[in-house]
Every structure is written in structure tokens, then in C-alpha cells.
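This is what each chain is made of:
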Amino acid sequence: MSTSPSASSEGAQEEYVKVITGLGDQTFTDHSCEVVSDAGEGAQKCGQGFGSLSAKMGNGAWTVEIIPAEIEPPPRTPGSTSGVGIRIGQNKVTNAGDSVKLVIAFNEQVLLSRHRVNSLADDCIILIDSKWSVHKNPKVVAEWDAAMEEMSTKGYQWIMVPLEDETLKIVENPKRGKNMFALGVLCHIYDRDVEIAKDQIAMAFRKKPQAVTDANHQLLEAGIAWAAENLDFRFLVPATPPTSELVVMNGNEAFGMGALAAGIDVCAMYPITPASSLSHYLAEVYDNFGGVVHQAEDEIGAIGVALGASYAGKTAMTITSGPGLALKAEFIGLALMAEIPLVVINVQRGGPSTGLPTKVEQSDLLCVLYGQPGDGPKVVIAPSTIEECFHIMTTARQIAETLRTTVFILSDANLATGVTPFERPKLEASWMAGPPDQTPVDPDSRPYEWDLDTGLSKRFIPGQRGGEHTVTGLNHDENSTVNYEPQKNELAHAMRSRKIAVFGETLNAPIPHGGDEGDILIIGWGSTRGSIEEAVDRARAKGLKASSLHLTFLSPLQPGISAVCERFKKILAVEINYSDDPDAPHITKDNRRRGQLAMLLRGQLLIDCGSWGKVPGAPLQPELLLKVIESNIPKA
Amino acid sequence: MSTSPSASSEGAQEEYVKVITGLGDQTFTDHSCEVVSDAGEGAQKCGQGFGSLSAKMGNGAWTVEIIPAEIEPPPRTPGSTSGVGIRIGQNKVTNAGDSVKLVIAFNEQVLLSRHRVNSLADDCIILIDSKWSVHKNPKVVAEWDAAMEEMSTKGYQWIMVPLEDETLKIVENPKRGKNMFALGVLCHIYDRDVEIAKDQIAMAFRKKPQAVTDANHQLLEAGIAWAAENLDFRFLVPATPPTSELVVMNGNEAFGMGALAAGIDVCAMYPITPASSLSHYLAEVYDNFGGVVHQAEDEIGAIGVALGASYAGKTAMTITSGPGLALKAEFIGLALMAEIPLVVINVQRGGPSTGLPTKVEQSDLLCVLYGQPGDGPKVVIAPSTIEECFHIMTTARQIAETLRTTVFILSDANLATGVTPFERPKLEASWMAGPPDQTPVDPDSRPYEWDLDTGLSKRFIPGQRGGEHTVTGLNHDENSTVNYEPQKNELAHAMRSRKIAVFGETLNAPIPHGGDEGDILIIGWGSTRGSIEEAVDRARAKGLKASSLHLTFLSPLQPGISAVCERFKKILAVEINYSDDPDAPHITKDNRRRGQLAMLLRGQLLIDCGSWGKVPGAPLQPELLLKVIESNIPKA
Amino acid sequence: MDTSLLDISGAPDERVFKANDYKGPAARWCPGCGDFSILATTRRFLESEQLVPEKTLFVSGIGCSARFPHYLKTYGFHGIHGRALPLALGAKMRRPDLNVFVVMGDGDCTSIGAGHWIHGVRYNTNLTVLLLDNNIYGLTKKQTSPTTPVKYVTNTQPQGSYLNPLHPIAVTLGVANASFVAQTADWIPAHLLATMKAAQKHKGLSFIRILQRCPKWTVDIMDAKVKTPDEMMILNHENGITDAKVQKMYKNQMEHDPSDLDAARALTDMTSHIPLGLFYKNEDIPTYDELRRGKDFTTEEKMANIEIEFDRFAV
Amino acid sequence: MDTSLLDISGAPDERVFKANDYKGPAARWCPGCGDFSILATTRRFLESEQLVPEKTLFVSGIGCSARFPHYLKTYGFHGIHGRALPLALGAKMRRPDLNVFVVMGDGDCTSIGAGHWIHGVRYNTNLTVLLLDNNIYGLTKKQTSPTTPVKYVTNTQPQGSYLNPLHPIAVTLGVANASFVAQTADWIPAHLLATMKAAQKHKGLSFIRILQRCPKWTVDIMDAKVKTPDEMMILNHENGITDAKVQKMYKNQMEHDPSDLDAARALTDMTSHIPLGLFYKNEDIPTYDELRRGKDFTTEEKMANIEIEFDRFAV
Ligand SMILES: Cc1ncc(C[n+]2csc(CCOP(=O)(O)OP(=O)(O)O)c2C)c(N)n1
Ligand SMILES: Cc1ncc(C[n+]2csc(CCOP(=O)(O)OP(=O)(O)O)c2C)c(N)n1
Ligand code: SF4
Ligand code: SF4
Ligand SMILES: [Mg+2]
Ligand SMILES: [Mg+2]
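Chains as they are written, first to last, in my numbering: chain E, 1 to 636; chain L, 1 to 636; chain S, 1 to 315; chain P, 1 to 315.
No wet-lab data here; the hints were simulated from the structure.
Glycine included, every Cβ here is placed at the ideal spot set by N, Cα and C.
Incorrect hints may appear among the rest.
Stated by the list, open to error - What the simulated footprint calls covered on chain P by chain E, stretch by stretch (three residues with Cβ under 8 Å from a Cβ of chain E suffice, anywhere in the stretch; the number is not a length):
| no. | segment |
| --- | --- |
| 1 | 76 to 89 |
| 2 | 110 to 121 |
| 3 | 127 to 140 |
| 4 | 291 to 303 |
Said to hold, decoys possible - Calculated Cβ distances over 12 Å to all of chain E for the following chain S residues:
| no. | residue |
| --- | --- |
| 5 | Pro31 |
| 6 | Glu47 |
| 7 | Gln50 |
| 8 | Ile62 |
| 9 | Pro69 |
| 10 | Val100 |
| 11 | Gln157 |
| 12 | Lys197 |
| 13 | His202 |
| 14 | Lys227 |
| 15 | Lys251 |
| 16 | Met254 |
| 17 | Thr299 |
Excised from the complex, chain E in its bound form (with noise of 0.2 Å):
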């Protein structure tokens, strides 16, 4: 083990030797490593076949997919990165977890990356292929040597691995197998079932002819032998025999299947990252369910399909993130309006404008709260995990059939390609969506007769016989036809924000993680769940007396909230979106810019909460909100 491989200084080649590190083998409850390449080489399906051979030995697992922005950009770049962080664990795995203590890096420059976005804890294991260090190519070198220098400053843990050469031993082209000897290392190191990841390579090859698989193994095995000789450390997480079938996806195929459970027929959307991923899933299958993923010509074109298919009967959804959801705020107000049911996901990205379109944010919750022109109440929820994303379907178009509404659901990047294992759902026929109605009018009935108490009403769906009228987005009354008088304006307006508030009643009073009362209490919402109260366990094994709230419902609110808070001393949002640093100059009490949760909270609720937001476009780490919550612990 060097801990200052500069190529310049001694020959890599002696490297290649049994590594002393003399941590031997070692068990951990829980355990995160990456494998990064240049986007092309491979790193995804090497990260992403080592996690899903965890679960399927039992392990809880989560992965998380490295994007670089461009589609293939030039090797040996940061900006190449392209890679799957891995966690595993004994137990169940909520969220990626604190930085990584092991990384393979097929370069210096896609691990420099790494470093560069804190992903890499301060004695991560790094296993790296050394050939650059002593590269023909002098420009290489040194740029070996500026990164090295670069990395200096953390106490990192190096290995040098002999990962193209001894991959060339096996096949030509180098790109297209290191990323199986680096599943071989990292079989080893985790002690993982190889017969399993045979399996799953010969499954993933099974298309390709035979001598592909073959050159696969023998890659795994190489990559296996050369570990057990020159490694010295282990880390062994043990497995769980699940109890239960599980599957294991990440939130956007959970979407997408839920919508088929959901029986949901349409879905209409324009391209946009990372929400794209859910229209190819459903594109791929929709045939067999009588589906249709329509393509629009731009996210107007999107809603405006998925609402005209709604108003005549069949449930449709439109999807999309950031900018799209700008283009989408005037159908919305007509859909709400003319409250004709709607579901909408927005898979949130790093904002504002285009911004960071592949990074985790959660940045739209006022957006999506009060983003259309003229008064809006709608349903917003935020599914925590991926296995939500699957049964927050059916929830989702249920209430906006119920309530003639829209129901936005917000997920995010971490959400959308993380992968993990959950229960396999038992399947209801309750939960499709029945065929439209088509019996004819009562002719006493008008098409929108509110209820004056819930604001509730029946739609009329074209086909119907007598029910023959025409929505629009002016203000109309009972009959839809248009008024202007101020009393028809405020009832409209009355039952449109009543039958929310209806709903709400419904709600159930979210249930505290931790205690029930206490010094702090973190809130949250969306995908920080996993994150938040694995924080709060760390801190009450600490001693603290923390807990936290998770908020589904952001609109409307769930009941009970303020009567949780007064349970606790200090009431903190923790939210992946902007906030201002308090300490930073000019920042006040009054003019500080706070995050959306905390925002809505105040406004609505009037808890005095603080509020900690950041926009590093990763997912939020355990670890750091332990720090936040250790700082914000109220003095004695």
C-alpha cells in the first residue's frame, strides 16, 4: 500500500505486490463502496450487479447510479465519471448512506471527481489502476501526478490493481471487460456467492453468444484470485435470509409499475431528465396492458393530452422535472379550474433553470405548490422510499378522482435511480381504475353540484347521455356556465380549496421516528426519509434526544403536526434545497432566505422552525445531518 503513488517518484510496477494494509477480515452491519469508469467502460453494470447479488443473498442494498452529464465525453475527465455507489447491509438499506470507504477507480481522473463531490470518506480504501501513473504518454503522467497531489490532503488508503493488464490477459478490448475483474475484487472483499454472480452474468449475456459469458466468468474469477493474493482485508456484511419475496427496482420503474397497478392508461411526456427513465419502462411494456406512452411535442403538448384523456374517462398522467414543470403551470390551473382529475410526477433535479439535471434537489415544493397564476389548492405528496413510489399510484389517482383534483407527486433524482429491494406487493384488483362511467345523467344533476359542506361533486364524462355541458377555465358556476358575479367567484373558489381541506381531515397525524417528545425534532419529507432517521437512531444510540417527522402530505398538511412540535424544544426542516447560511454577512432573522418545507410550515402552521437546506446535488448523508443535529441539540 502506497500513500503517495506519484508515478514520478518510484515505479508503479513494484505496486503490484501483496498489499499490507492489515486490516484482515472485518464485519460491519452495513458497508458503501463505489466503482467508477469513464463513462462506456462498464462501472455501471459492475456497481449495479454487485448490488443486486447482495440482495439476492439476502443483504439489504441500495445503489446509486453516477451520471456524467454528457452522453460520452472525452476518458481520463472528471466530467467522464460514470459509476453506481453501493451500500449493503445486514438489514434492510433506506438510503446511500455517509461517503464511501472503498472505491474502485478504473483512472485517477473519474476518482478525482469523486473526491471533488466529498464522496469519498477520509480513509477510504482506494483500489486504482495504476497503469496511468507510469502512462507512455507524459501528459498522462502528469496529470496522474496533479490528482494525486490533489488528493493528498485526505488519508486515503492506496491500492494499486493491475486492472487493464490483467484484463487484456483475457479479452482485446480492455473497455469491455474490467468492470468483471472489478466485480471479481469486489466478490472477494465482500465475501460475496459467486455461483450467484455467474448466474446473473450468464443471464445478463444470455442473448449474446456463449464465448461472451465464458470470457465474463474468467474475467470474475481473475478478478477473484487476484484479490484472495494480494489483498489482506475483507469486509463482511451478513445476510439476512429475507422471510419474504422481494423485488428490486429503482423509483422510476416503481412508478411505472404502480401506474399499471393503478390501471392508470395514458401516460403523455416530453423527454426530460431524470424523469425520462419512467416513459422507457412503461414504453417497453404498455403493450400488454393497453397502455399508451405519448410523446409530445413539447411538456404543453404532455399535459394537455393526459388532461383531454382524463376529462373523457381514462386516467392519465403526465411526468416530467424542472423546466418541464414550468411549461406545464397554465394547464394546470385549467385542470384545477375545471377540476378535472390529473396526476402529475415531477422527479426534481438540481435547480433553478437547468441547473443540474442529473443531481438529487428538492427544489420544487413551492413551485408546485403555487406555481399557477390566480388561487390553486391541490394534492402534493412525496413518496420516502421506492417501494412507495410503486403504491403511491393508486393512492395518488384515487384522490384525484375523488376530489376532481390534481395530485402532484414529488420525487427526485435519489428516488429515481436508486435501486433497492422491497416487499413484493400483493397485487389488488381494487386498486385499477374502473372503466369510465357511462350511465346516463339524473336530469336533476348539474355538473358541478358541490356539496356546500365538502366542496365535493360529481363529474359528468362525454358519453353520458344528458350530461352534455361545456367545462372552461373562466369561473362558471353549478351549471358550467360562465358567471362573473363576486358570489359565484368566491363559491368557486370556496369548493375548490373546501374539498381539500376535506381530505385532510382523512389524513392521519404523522407519527414521530425517535420519541415523542423530545429536544429536537427534524422534519422532512420525500427522499431524505431513510437518511433522516437513520441519523436520528445514530443520535439517540448517542444519547440525544432527537426524533424526527416525515411528511407525505404536503398539501394539504396532515393533521397534528403542531401538536407534535410543541412536544419538542427545537423544530428543524432538513430539506436538500437552498437555504441561506444564517451566519453568512448581510443574513438576518428577517430576510433570511429559508428552505421550502420550513417556508410552508411557518406560513401555515406558525411553528417557529429552522431550517437547514443545501444544494451539494447529492443525496443527504446520515452522517453530516448527525453533525447538524449534534450542533442544533438545544444547551441545557
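Mind docking chains L, S and P with the ligands on chain E? Use the hints.
Positioned in the frame of chain E, the structure of chains L, S and P with the ligands alone reads:
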């Protein structure tokens, strides 16, 4: 005078006799009336003429348009109502006032529409053409009777006027003459200077043959004569001769002239009510200033052109309303991210969706603040008088350029179509935008060279030698180079937020109207200022300890609001937008939907701010607000 | 889709519909507005085709023209400005049993709605599209539209409109999959009716530009045309639109084969006359609603297929 | 406008620019991407025209193609998806001294940007528009674009794309005021360069569709064309685009008079060959930037004119 002017019960002809109200001559400090007719009958000309005549005499005046929803709807229907409300005063008039005390209606259907929108005071004097009550078409008579029945719940005082009969004695087409007869009647009642009226008429028809002016003068005199003969009352509102030169215009014209004075060069727009008339004005005159009204293919194209022009160094604005605002969200995000100055005027209208296109509402505040995905700090200002509409344009341009940000100006139909005199501005050359900086760029400087303390930086404008760079909506560093790292994303977010906070520090604390402390503080924003302050004055005249605070800056908020609030027992935000009635079924403190300013003040300042918000589609009446104040004053 | 679910009952519909059965509340356009004539003709068309009111849907955007659905007793969707086509596509795509009509103004369709228009034509969904072209923004009070004649004075271009107008038919004919493109005028109801009937027979998107009088703002433009019938050139062909009355009424008639795309495009450059009739028709282009119809599945089948999906994702 | 204000100094610019002077940071497209070739040719073009870097502006939307401005050392505006044209129009309308180029992808221009495209062509602003058409959504990873061939498998239409592709040139030629419409290919840099030069000479909007290789997603589509030069048909005319090398290199050549709009439209229906060259040119159409240029006024003049306005509104 008839209290039950039913056509079928008695011949209407008899009513054209001297009317006995017993009111005699009365003096008022201010008085409000309306003139309403079918679209196309010229009530608007009559009312506007009456208003400007009064202004010329030295009265304070405020006129407000009554506009039908269709272009030329079927006559004699409530939806056909076209006209003007006029309030004149001894002193400056700051708002349209309360329900009117006198109305001249050309038929009972247009009158009915004013009754339905609660525009008429309970004891309103109604001058109406009674020809419809004795019309040969029995359907018309029946309509008259039904209308009278509906209006009989109020104690209106009815006076029959032979409007059409008398007009036909002078001109052949009563549609084009009744309005001048009506103006004559008003001139008598309010004791107006007939010479000024005649001059005005001559001016208005100066491009027509002399015969037209003559006929209109005759009609005016006939109206005066009829009134002198038949009415036993006059309403005298003494005039205060103006001490300075005045101009009289509506808010959209004031914006247009303000844009000229600010040197704004481009107005890119897509037609939409009630913003369009601003561009109509500019289109008429812009050639004399080298400016361009660009009517784009849609609102997205419009803001794109404005942003492109601004990027290229010319000052540009885009103007819109409700649905058009929705479409601009994505480009606003880009403008904020790329830090390109931009001025956006949003003339609010009734929402959501197409809503009430011609009506007053203040429902876009939160949409403007939060309508873009991601985090988008910006400047939002709202003029509160028509005079401010003029001056705010220079302010907005300067802020936009200095801060490299988007400045939203929130107006509404009340300002846009209200007409009032104000002091003729004394132009200053410094208000005008300078030419774009075309000096070479210092080789060491960078396109986003943020001052780390203030977030401010100086932009490079195409044409500046050495300043070549590419602006982008992706996150970027100081060089405008695309950057995906957490630190740079945090930095750029912080800088965009900081500069707004820093700007906020330069603002003065708002000063309450009324007293510095007391029982209740009304907080308002935008066009309601005149009404709110008048209500506060009335409340104080009654001995109530009420004051008001009017906010011109909604983002950043002016400093010192909390300090003012602390000196009052109760804080109540008053807005023309929707809030749940707190006493409505299912509505609780925690789920209540509040007005938008209330939400903002609670969220930002954690002020326990009550909310009074209604959406009548009409300006706020001081008397109504007075009642609200009275019922909200905390019991001792 | 299980279309049987979409019928009220198995029994055949024995109702007979008169034009008045399609009548909604009184229209509120200006006196003399061409929209009245189009509305009246539409009712006659609905009667002649015996379209079932509850199976008929009119979708519109925003504008004077967009009020159209309110005045009919069918289902109606008065949407937002420029976006009628996506709404109509969404409805038709999944509800083949509905007769879907789209009513747009010239600003609505060719300005703010231009993207949806181009792509709507390309999708070639089975819709009948009526473009009510009065060469002006009516509802917002006289602003230039893309079809406003150059130099025409409007409120946004008071020095006279700057640009040559767009020819809606020329644009439509540039779009792949255009399948039925016709032009007619509100003041020739017989021709309008014949055109709507031909469109109803056509499988695919029928694009009908209707020259529409707006006595309020553009009285001079259309008035000239109304008063000089010799400006009109009636297009005839055995596969075109024919109405005996119209053929008698108008002096200028020419043969035009609607299968000839080049000739159709050339017609859009004609300046001597205004051609009325069928510019282009192509019956062989698949319609998007049929392309995307998909199979019907029962709930049980769907559930079984989801289980297959779960198996794919099984650990 | 006082254009003198826009000059750095009264002195003539004596700099000489080499292609490399326009070079920005290294481009980050996939190896073999046709955008590299277009970028390199653009630099040569800039050199050949000696366009002053700080007076040159490239505006783009979002997509692989939209990264173009980042890789040049001129001013650049990397905007939002589909909206490059309005930005460019805004810049050019008030800054006649700038050379403004617009770079769009096929999705960018013909799908989400379709409305701006139609109207951009109609405004006929003095811009050079490069449509980098790789028949696919590149940056978002292989979704169908309006120009994707029918049946081509993509991630959103894995059963094969459903619709016949839009022909960008056919659409453009349907729009009033189209004034310069050409087609070329990234792999024939000489032709591309000649086309850009011709566009630079043209006063008005030059619309150049560039067939662009995307080895990542549509390698088969363009590869076939690259490998079969006989599929190309070079359009020649004395008023067209000529490059001696290209004339020698390609077998198929035809005369086409770019003033003939009907013939140009008919060319877009050609299936036997892919025509490269100038489809249509019309020098007589006013440009929007000139139509809207307006007079220059000093601050004093403007203030005097405002006073006249105040007089109109005086009480
Ligand atoms: C997004 C949006 N922009 C603008 C408007 C305002 N607006 C209403 S109708 C209309 C255009 C009307 O012209 P046209 O489409 O030709 O219809 P017409 O009234 O002439 O029938 C406009 C711009 C709107 N309602 N929504
Ligand atoms: C409003 C909006 N919608 C969608 C996207 C996502 N998006 C980015 S590039 C792109 C299309 C890319 O295709 P094309 O325009 O053909 O350019 P190419 O990448 O092929 O050069 C899309 C849909 C976006 N950035 N903004
Ligand atoms: S403005 Fe024109 S189009 Fe609109 S209703 Fe009146 S006449 Fe018809
Ligand atoms: S995906 Fe295609 S267009 Fe994009 S950079 Fe790669 S090769 Fe070029
Ligand atoms: Mg029109
Ligand atoms: Mg492309």
C-alpha cells in the same frame, strides 16, 4: 319619484314630471356615481368625460371602467354592461370608493348587473330610461318587471329619465347620442363647468365635421335643461384649484410613459387583458423614441425576445397577465440563473386559469415569488397608485441592471383601468438607460465575478472586447463555465440570494399610516392602498386605534416590518385574493388557506398575521374594510 | 379498450336529432359575426350526420371563436389559448367512440398554438379541425394576427402590420401526414356544410380553414370578399367537395385534383383569386388514434401481466 | 439607435483572426459526433469571413448540439430547450452590429421549438440558423424526434417510431417570408462551409438544415448516407451554392433554380436522393430587424417627446 317603477302597474310616461326627492342642494367632500349602458352606447365616453372635466375643475377624481366580457354582447343583457364609475372629491381621490350613490342606466338590464355585483348603495339614486317599461315588445316589459322585482329588496330611489326620447329629438341614432344627454344631466347634478365640458367635446370630435360637435353640444345642453327642469337636488363637491400641473391617465398609460422615461427600449408582449392596453399605448408613440413593441407568437417568445434584447445590452421588458405569466416561468428561471436584467410587468386579473379576465384580483403574488422550479430569488414590487406606476419603471430598470436580476412589477385591473390625475412628473435625464457598455473588458475580470460579500457582479455585454463567454442556464462558476460540483452550486445559489438581501438592506422601513402603535395594523400591498388608508382614516375618525402598513417591496421585504408589528395588538393582512372563511365548515387554524401576503409574512417573519382575503372581482371598498376593522379590533 | 363499456346500453339508439336539439344558450358574439353562421351550419351538419349529442365533443382554445362549444348542446371543452389540439388528441386517442371537433381562432391556432398545430397535423388523429380565421385577434380587441394582411392597422401595429401574412394552408401542406386540407367561408354555408360533411367521411385529421367575418374589427377585409363573389375560385373534382348550389352561384370554377400535393401547394400562392374547396386529400395515411389504439385487457389479464413484470424484477 | 456607441473606438479594427482564435474549451461530444465537424467548419467560416469575435454571438437551446457556443471563443447564449430563436431575435433586433447565429437540434427546433421556428422564419430576421439534425434526441438518450425515420427503434417508441418524419425544409417552405433555405451534411465540410458563406451574404434568415451524424444513437441512419455518396444529389445553380470540390466529388448533380418555390417544395418529396444545396432564396423580403429598426433619438429628444406626451395627458 317612484319607489316601485313597475311598468305594468302604472304608465311610465307620467313619471317624466318634476321629481320630488326633497334632497335639495347638498355639499359633499366626495361623491360617487356610475353611468352604464349596453356596449356600444357610449357610457364609457360619458363617464370618462365627466371624470376629466371634474379633474380640470380642480376636483380629485377616480374613474374605473366597467367592461363587458364579450366584445359586443347581445344588448339588454346584464353581460352587455359597459360604463364607468366616477368618484370625485374635494381633495385628491385615491380609490374608487364605496358603492355608488347615483347611477344613470340606459336600460334596466345593465342596471341589474350593477345591482348584482353590489355596486349600488342601498339608497342609491337611480336615473333610468323608462322607455323599456312601456315597450311595445311584451318580452321587454316582462324583463323590466323581473328586474324591478329583483332590485326591490334595496331602497333605491328611482327617477325616470326620457333619455332616448329626448335624444331622438336631436339625433337620429340614439345609440350615439344618449351618452351626451346623460353627461348633461350629470353636469347639472354636480354643477360642472359647462364651458369646459363643451371644450372637451369639441376636442374629442375635432377630426369629425363641425355638425357632430354641434349635435353633441346640443345634447349636452338638452340634458342640462332637462335636469334643471325636473330634478330638485344637486350634489356639490367643491373643487380645490390645483397648485401644480397635473396629468390624468390610467395605470397602463402611466407604465407606458414610465417606460419611456426610464429609457426602456423594447416591450415584447403577447396580447392579453388587462395588460394589452399598455402595449397599445406604447405602439402608438414608441416610434418617437426609437422603441419597439414586439408582438411575439406567444408569451414564451415574448419574454425570450425581451431577454435576448436585454442580454445584448438594451433595456427590455415584457408585460402580461395570468395565463401569460404561467408561460413565462421557464424563461424567468433562465434569466435568474444567467443573471440577465429583466423587467416583467404582470397586470393581475381574476384567476385561476382564464378566471375573470377583466376583473381585479391580487392572486399572483406567490406565483411570482415561487413560480419557477428551483430556487429563484428576485425582486418583486407593487405600485400602489397610478402615479407610482409611472415612477416605478425607472426604479425597476435600475434595480434589474444593478442586481442583474428579474424585477417583477405587480399591478392589477384596478390600477390598469383606473384613471386619476397626478402631479406632472419633472423628468430627469438620469432616469434614462444609458447605451450598453462597449468598452473592452479588463483581462483579469470574469463574467460572474461575484463579490463574495454582496453577491454582486458586473456583466459583460456582447460587443465588449475580451469579454467573450457563453451564458448558460446550467450551474456555472465565475467564468460561466458549466460546473456540477457541490461547492460551486452552493456558491452560485448563495450569491443569487445574497444580492437580494443586500439590496433589501438599502430599503427604508415602511412607515405606518395612522399611528405608530395601536390595536390593529392592516397590512396591504399594491392597488389597495388608497382604500385601506381611507378606511383607516375613517376608523380613526371614529376613535379606533387602527393603522395600516403598505408594502411596495414584496421581495425583498423592507426591513423593520416586525418592529412595526410588535407595536400593535393585532395584525391583519388585507388582500383581494382568496382566503378560507375561518368560520366555514371544516376550516381550522391549521388547515385554513390564507391570503398570499399573510402566508408570506407568516413564513418569512413568523408574524402572527391574520388574513382577510376576498375575490369579488372588484376593488376594495373602504366602507367594507371599515367594518372589517371594527369587527377585528381586539376587545379591551 | 373495451368499447362495449362505452355504450349506454346494447340497444340501438332510436333517437332522431333535429338541428335544434344541438342548440345551447344564445350565442353572445357581435351582431353580424361570421361565427353565427358557422354555428348554425354546424347544427345543420350535426343533424345531417345524426351525431349523437353525448358522443360529440367540441374542443376549443380561447378567443371569440373559442366560445363556440358553449353554444351547442353537446359535450364541450373550452380550454386555454392555443392548446385545443392536445386536449382533443387526448380525448380522441382513448375514446374512439367520440366524434371530436376542434374549433380555433387564427391567433389560437397559428400563433400561440403553432407548435401543436404542426404536430397535430402530423399525428393525423381522426379529428375535424375548424380554423375560424377572421385575420385578427377578436376577443382581445384588434391586435395583429399571423393572418392579418400586411399594412393593416391594428392596436399593436398602429403603423400598419409589418409582415406578410402566414397562409395556414401553405403551412399545413408542408407538414408530413397532412391528409385533408380545405378552405371555405362562413358566408357560403352550403360550401361550409359540404366541406364539413366531406371531413366527417375522411379518416384522419381534416383541417378546414374558414374565412370568417369579423364586422367589429376587420369588416373591410372580409366584406370585400363577400361583396365580390368573383374573387372566389371554387375548386371542383370528383374526389373533392361538391355542392350544386355553390357551383351555380359562383362564376369562377376550376378543376383541382386533391391528390396532387404539388398543385395544392401551388394553389396557396394564387393571388388572383381565393380558392375554396378541397386542396388536398390522402386517405392512405394511418391515423394516430388507430396506431396507438392497443389491445383490450381485462383487469385479470393486466394483473397477470404485472406479475410477470414482478418476476422480471424479482430478487 | 446610435450605432456609433456600439463601436469600441472610431479606429478600424486591424486584427486578423485565425480559425484557432475562435477556439473555446475542448468540446465534449462523443467520439465521431458530427458536431465536431460542424464546429471545425464554423471556425474556418469565421476565419474566412473575419467576423470579429466580440461582435459575434451564437445562441442555442438545449441538447448535445446546444453546447456548441461553449466551444467557441465568441459571445454565446446557451438558452433553454426550443427557445433559441426568440433570444436571437431579441439580440439582433436591437443590435444590428452583431453577427447572430442560432444553433438548434432537431428536437429543439422542430418539436418543442416548432412555434418559434415557424414564426422565426416568418419574421425573417437577419440570422443564420443551423439545424443540427441527427434524427434523434441525443442528450436525453435516444428518444424519437420529429425527424426520426418511421419504425426506427428508440427508448420512447421501442416498438418502432410511429410517424412519418417531418421534413424540416418542407415545413419551412410553407411559411410566408422564408427567404433562404438550404440543406447540407456535416461530413461534407466543403459544402457546409460554402453554405454558411452563402448564408452570411444573404440578408434575412438563412435556414440551414445540416444532416448530422450521431454515432451514439443513430449510427445506422447517417452511416448509410456517408457510405453511399451516390445517395446525395447536389443542387447547382448560378444563384445557388457552389463548391468546385463538392461538384467533383459527387456523382449526382442537378440544376435547381433557387428562385423557384414550387420546384423547391417538390424537391422535399424526392425519395430517390437526398438533395444538398440551396432549395430556395428570395432577396426581396424585408427583414424584421430592419423593419423595426427605428430612428435614433438623443436623450434630450426623448425627453422633449415625453413632454409632448404629458401635454396630451395634461388636465
Ligand atoms: C396564454 C394566453 N395568452 C393570451 C390570452 C389572451 N387572448 C385571449 S383570446 C386571444 C386571441 C384571440 O384571437 P383569435 O385566436 O384569432 O380568436 P378570435 O377572438 O379572433 O376568434 C388572446 C391573445 C390568453 N387568454 N391566454
Ligand atoms: C423544457 C425542457 N424539456 C425537456 C428538456 C430535456 N431535453 C434536453 S435536450 C432535449 C432534446 C435533445 O434533442 P435535440 O434537440 O435533437 O438535440 P441533440 O441532443 O440531438 O443535439 C431534451 C428533450 C429540457 N432541457 N427542457
Ligand atoms: S370581435 Fe369579431 S370575431 Fe369577435 S364576436 Fe365580434 S365580430 Fe365576431
Ligand atoms: S449523443 Fe449523438 S449527438 Fe450527442 S454527442 Fe453523442 S454522438 Fe453527438
Ligand atoms: Mg381571430
Ligand atoms: Mg437531435
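Going down the list of hints, with the structure as the test:
1. 76 to 89: Result for this restraint: holds, n = 3.
2. 110 to 121: Answer holds; 3 residues pass the 8 Å Cβ test.
3. 127 to 140: holds (count 4)
4. 291 to 303: Since three or more residues must qualify, the claim that chain E covers the segment 291 to 303 of chain P is violated, with 0 doing so at under 8 Å.
5. Pro31: About 20 Å separates Pro31/S from the closest Cβ of chain E, which puts it past 12 Å; holds.
6. Glu47: holds (15 Å)
7. Gln50: holds (15 Å)
8. Ile62: violated (8 Å)
9. Pro69: violated (4 Å)
10. Val100: Violated, because the least Cβ-Cβ distance between Val100/S and chain E comes to about 9 Å, which does not exceed 12 Å.
11. Gln157: Consistent with the label, Gln157/S stays out of reach of chain E, its closest Cβ about 26 Å off (over 12 Å).
12. Lys197: The claim stands: Lys197/S keeps its Cβ more than 12 Å from every Cβ of chain E (closest is about 22 Å).
13. His202: Holds, because the least Cβ-Cβ distance between His202/S and chain E comes to about 21 Å, which exceeds 12 Å.
14. Lys227: Correct as stated: the minimum Cβ-Cβ distance to chain E is 35 Å, above 12 Å.
15. Lys251: The assertion about Lys251/S holds, with a minimum of 41 Å to chain E.
16. Met254: holds (36 Å)
17. Thr299: violated (5 Å)
Hint violations for this structure: numbers 4, 8, 9, 10, 17, all remaining hints satisfied.
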